[in-house]
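Top line first, the protein sequences correspond to chains H and L. When the letters of the first sequence are read in order and numbered with my numbering, they come out as residues 1 to 148. When the letters of the second sequence are read in order and numbered with my numbering, they come out as residues 1 to 126.
Hints in this document: simulated from the structure, not taken from any laboratory. Any given hint could be a false lead.
[As the list claims (entries may be wrong)] Sample of chain H residues facing chain L (criterion: CB under 8 Å; computed from the structure):
hint, residue
1, V33
2, Q53
3, V65
Values in this document were obtained by computation on a predicted structure and should not be read as measured data. Glycine residues also receive a C-beta, built at the ideal position from the N, C-alpha and C atoms.
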Amino acid sequence: MVSPFKIFPFFIYLFIVCSLMTGCVSYRVIKAVEGRSVPNIFEEFRVGTTTLQEALEALGAPDQVAELEGKDVLIYRKSLLANSGLSFGIPLTDIWGSGFDFSAYGELVRYDLVLLFFTPEGMLSNIASEKGSRYPYLKTIFSDKKGN
Amino acid sequence: MKRFREPLFVLLLVFFLQSCAGWAKNMDYHPFDASKLDKLTPGKSTVAQVTEMLGAPSNIVKLSNGNAYIYRRSLSKGTGIWLLIVSFGNYDKHYDQIVIFFDKKNIMTHYGVTLDANKAAYGLPF
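Okay, chain H solo, but in the shape it has when bound (with noise of 0.2 Å):
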């Protein structure tokens, strides 16, 4: 019987060429995720009806406690980070001296956030939100336009 890595050495030549390049050549996919999904429920509140406790009743503890110009401000957060890279090299440094290196990565980190201004006296005076995670990884990192 013939051995088929004798009527197919493209799978050794294959093979050597994986091995060979492990490690010269890399491509990475990183997502990191902090916080939880930020409830469109505050959509429901009102200004100048809706009290600190109403809003901790539906939204639970906030991420971040601030004061502002003596307005107290809830902070409800997630952030989303997108990472993704290639590189590709050899390294030659030990016996040449110095080697080609080429790598390529982008990394976006974007928030979605909700920020609830109160009154001293526990009532909603103010509401602010942005939903970063609304715009796509690939389309942000190769768009020009600042701000995308």
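Could you slot chain L onto chain H? The hints should help.
Chain L alone, transformed into the frame defined by chain H:
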């Protein structure tokens, strides 16, 4: 097709032998006692009673009409997979949080609770 089997098997074997996977878990965490939370009474509980029940807060923030005591625990889980020249990483971090609001007389006025840490999960970045 039989001729392909042997080389294909070798390739798959090499592929998996050169692959690697890892899991990591990081806990800044011991769960809040839910029975203690029921004892918190707005308008009655004091700073001393709260700190006796829950211990030292993770952070204290000065507010317009008092202070907020923040209790925070976190649980994060990471997953990594290396397949020859491609690698995938995923990191998921969630929190258990209690924020307690006190007035200037150190009497609790409100509190909010989020128990979300157990939602941290291993996974892939897709």
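Cross-check of the supplied hints:
1. V33: Since the shortest Cβ distance to chain L is 5 Å, the answer is holds.
2. Q53: holds, 5 Å
3. V65: holds, 4 Å
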